[in-house]
Amino acid sequence: MLSRKTGKEFYEQYGFEKILKSFTALKVRFEFPPTVKYPNLPVRLDFSSVIFPLSGETFCTGSEFLLAYRLGCRIEILGGV
Amino acid sequence: MRDTSLLSPSGMSLKSIGLLYPDLPLEKVELSKQELVNMEVFYLENPIRFKQYALQDAKIVLFHALEVQNSHFFFSKKYTIPITLSSLASSYLETELLSEGKYHPPTQNGLISMRNIPKILTPSGVELSGDLHEYIDYFLGSYHGGRNESYIYGVVKGEFYDYDLPGAYPTAMAMLDYPN
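These protein sequences, in sequence, are chains H and R. Mapping of the first sequence onto my numbering: position 28 corresponds to residue 28, and the numbering continues sequentially without gaps. Mapping of the second sequence onto my numbering: position 145 corresponds to residue 1145, and the numbering continues sequentially without gaps.
Hints were generated in silico from the structure; no laboratory data involved. By construction, the Cβ of each residue, glycine as well, lies at the ideal position given by its N, Cα and C atoms. Please note: incorrect hints may appear among the correct ones.
With a cut-off of at most 25 Å between alpha-carbon atoms, the simulated PhoX-like pairs for lysine-lysine come out as follows [stated by the list, open to error]:
id	chain 1	residue 1	chain 2	residue 2
1	R	K1059	H	K27
2	H	K21	R	K1102
3	R	K1028	R	K1059
Chain H is nowhere near these chain R residues, computed Cβ spacing over 10 Å in every case [to be verified]:
id	residue
4	R1002
5	S1013
6	K1028
7	Q1056
8	K1059
9	V1068
10	T1084
11	S1090
12	K1102
13	L1121
14	T1122
15	G1125
16	Y1135
17	L1140
18	R1147
19	D1177
Using the sequences and the accompanying hints, generate a full structural model.
Printed below as a string of structure tokens:
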């Protein structure tokens, strides 16, 4: 189980390969720079809608985290495995 | 309830499914554009042909479903109609690997199957699943389904393009690595 940390700390602790190829699942709070045209973190709005906002709180996989991180997203890991 | 388009390669039409069996009288009855536009008129004007059309469609579906069921039994010794062709394939692979002792279904402590999520979230499941119940939520929450967006709404005048990438997700996943 992961403790609270910043996305940068998480990335530096585990590295690209490990995050990509492990079965990583995270709960994150995030904020993309306003210049990002297509933010990639899905947020469930209700039972039938998923949106991709510039900021919010959501669950995501390791590969989604990596893409968001590469897009300059400010991420706070709230928990995960 | 089954959908034949999910039980045929790349969502074939019913006509193409009928053609998979050239030795059998399973050719789809073709209707004219006029007949297709108003089925009620078609029925009133030509009830015999209407009946032939409806029955032939049902025959194609039934025969194909039974063939898929037969294949499922042949490959996996399961006498049911799978939901999709891919589930037939994974069922076959699992049966083969299990029989060779190369596959062990994922369990926690040998007691709780990781496939049976509702059982994990019961009083006995929580106690018997080790710490699985603590992190299963992260995996469940991370599954959002495919991304599908429409950026512009309204009437389009002139040409427009609709891009679809069949199998985009599994293709990207296959590029990652082999699962361990």
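Self-check item: Claimed clearance of chain H by R1002 of chain R, with the beta carbon kept past 10 Å
Solution: Non-interface label stands for R1002 of chain R: nearest chain H Cβ at 24 Å, farther than 10 Å.
Quiz item: Is the Cβ of K1028 of chain R more than 10 Å away from each Cβ in chain H?
Solution: Its Cβ never comes within 10 Å of chain H, the nearest being 35 Å, so this holds.
Quiz item: Taking the closest pair, is the beta carbon of Q1056 of chain R still more than 10 Å from chain H?
Solution: 37 Å, holds
Quiz item: Taking the minimum C-beta separation from L1121 of chain R to chain H, is that value above 10 Å?
Solution: Consistent with the label, L1121 of chain R stays out of reach of chain H, its closest Cβ about 16 Å off (over 10 Å).
Quiz prompt | Verdict on T1084 of chain R as a residue remote from chain H, using beta-carbon distances over 10 Å | solution = It holds; T1084 of chain R is separated from chain H by about 22 Å at its closest Cβ, greater than 10 Å.
Quiz prompt | Outside-interface status for L1140 of chain R - nearest CB in chain H farther than 10 Å | solution = Violated: least Cβ distance 8 Å, not greater than 10 Å.
Exercise. Test the statement that Y1135 of chain R is away from the interface with chain H: the closest C-beta pair must be farther apart than 10 Å.
Key: 4 Å, violated
Quiz item: Holds or violated: is the Cβ of S1013 of chain R farther than 10 Å from all Cβ atoms of chain H?
Solution: At about 29 Å from chain H, S1013 of chain R clears the 10 Å cut-off, so the statement holds.
Quiz prompt | Non-interface claim for S1090 of chain R, where every Cβ of chain H lies beyond 10 Å | solution = Correct as stated: the minimum Cβ-Cβ distance to chain H is 18 Å, above 10 Å.
Self-check item: Outside-interface status for D1177 of chain R - nearest CB in chain H farther than 10 Å
Solution: 6 Å, violated
Exercise. Examine each Cβ of chain H, and state whether all of them lie more than 10 Å from the Cβ of G1125 of chain R.
Key: Holds: least Cβ distance 18 Å, greater than 10 Å.
Quiz item: When you check the alpha-carbon spacing of K21 of chain H and K1102 of chain R, does it fall within 25 Å?
Solution: 22 Å, holds
In summary, the numbered hints that this structure violates are 1, 16, 17, 18, 19.
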